[in-house]
Amino acid sequence: MAPLPEHRLSEDEIRRLYDAHSAALMLYARTFTADVSAAEDLVHGLFLKLLRSRPIVIGAASAYLYRAIKNAALNLQRDHVKEAPLPEDEPWFTYRSGGLEIAVALQSALANLPAEQRETVIMRIWGGMTLEEVAEAEGVPLNTAASRYRYALAKMRDTLKPYMG
Amino acid sequence: MNEENHKFEAFLREFEPRRPRPLPPATIARPSWQYLAAAAMLILAIGSVWFWMRHRHAQPNRAAAVPSAETVTNMPPNHAMPPSILALTQSALQDGAEFDRQLDCIAHRSLPGFTQKDSTLRVLAKE
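Residue numbers (the working numbering), protein chains in the order written: chain A, 9 to 173; chain B, 92 to 218.
Any given hint could be a false lead.
EDC-like cross-link-like pairs, simulated, lysine to aspartate or glutamate; straight-line CA separation at most 16 angstroms [unchecked claim]:
| id | chain 1 | residue 1 | chain 2 | residue 2 |
| --- | --- | --- | --- | --- |
| 1 | A | Lys169 | B | Glu189 |
| 2 | B | Lys98 | A | Glu21 |
| 3 | A | Lys57 | A | Glu21 |
| 4 | A | Lys163 | B | Glu107 |
| 5 | A | Lys163 | B | Glu95 |
| 6 | A | Lys169 | B | Asp195 |
| 7 | A | Lys78 | A | Glu109 |
I should point out that these hints are in silico values taken from the structure, not numbers from a laboratory.
Only chain A is shown next, with the shape it has when bound in the complex:
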């Protein structure tokens, strides 16, 4: 197996990554914390840190971002384990064709997936990552990532069937 390529992130690249992934990363962060501001701070903090330090990244930069957000979110959870989560009043999604109900249904379907399936769907659908990149981010073989994705889609399709035209 060939070693993964490594390179130092430039400021332009970091900004491009932000444009491409910030929304999906925020959604990903929101699956760990109920506080929308905390999720936003996690994403913002990560990119500001990247701009300051310009780290050398091994492999796909997008995979690195999701791993970093997950670590930061888990640290946040550990630090605030005794605090009661605030009730969330802002839905995770807006739906282009309108309708809050269907957006809430999607949020519920996504929240009810097992964590590893949910992560796979977010990275693939809203992060625009390939299954190879998803597998790299999750540290699993490609086949595992592919089957997680397949199972997740099947479950969500069943849940959302009433809302689909």
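The hints should help you fit chain B onto chain A, whose structure is shown.
Quick look at chain B alone, frame taken from chain A:
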């Protein structure tokens, strides 16, 4: 099955997760060694200014404290340093002759010499 998945993926992509606030427009990333170098330069500059100021103030004091041998030999032993205003006032009140002598002594030290050939006072006195 594959086509169904594609359709469902397209449906899911119609939902947009919320975007976080934009990043600040410009950041100047400086490596930490540059901050250290800047701090070292600042400390060096402050130290240099402090040393220079101290040296500059110390020199005139030393010169005043150590009069030349010639000055010392020309002055009476008890008048090496100019008397204070209080001492002069006491002399004026108690001993007129001593007061005159002290004034002479001060005049020799503080007024320009008038005994030399090119002295302005000497030229004026002649006119």
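Hints, one by one, checked against the model:
Proposed proximity of lysine 169/A and glutamate 189/B is contradicted: the alpha carbons are some 121 angstroms apart, above 16 angstroms. A hinted pair counts as satisfied when its Cα atoms are at most 16 angstroms apart, and lysine 98/B with glutamate 21/A does not qualify at roughly 31 angstroms. At roughly 14 angstroms between alpha-carbon atoms, lysine 57/A and glutamate 21/A fall within 16 angstroms of each other, so this suggested pair holds. For a cut-off of 16 angstroms, the pair hint linking lysine 163/A to glutamate 107/B is broken: about 20 angstroms separates their Cα positions.
A threshold of 16 angstroms between alpha carbons decides the hint, and for lysine 163/A with glutamate 95/B the separation of about 13 angstroms falls inside it, so the pair holds. Among the hinted pairs, lysine 169/A with aspartate 195/B is inconsistent with the structure: their alpha-carbon atoms are about 118 angstroms apart, more than 16 angstroms. Only pairs whose Cα atoms come within 16 angstroms are accepted, and lysine 78/A paired with glutamate 109/A is rejected, the gap being roughly 28 angstroms.
This entry does not satisfy hints 1, 2, 4, 6, 7, going by the numbered hints stated previously.
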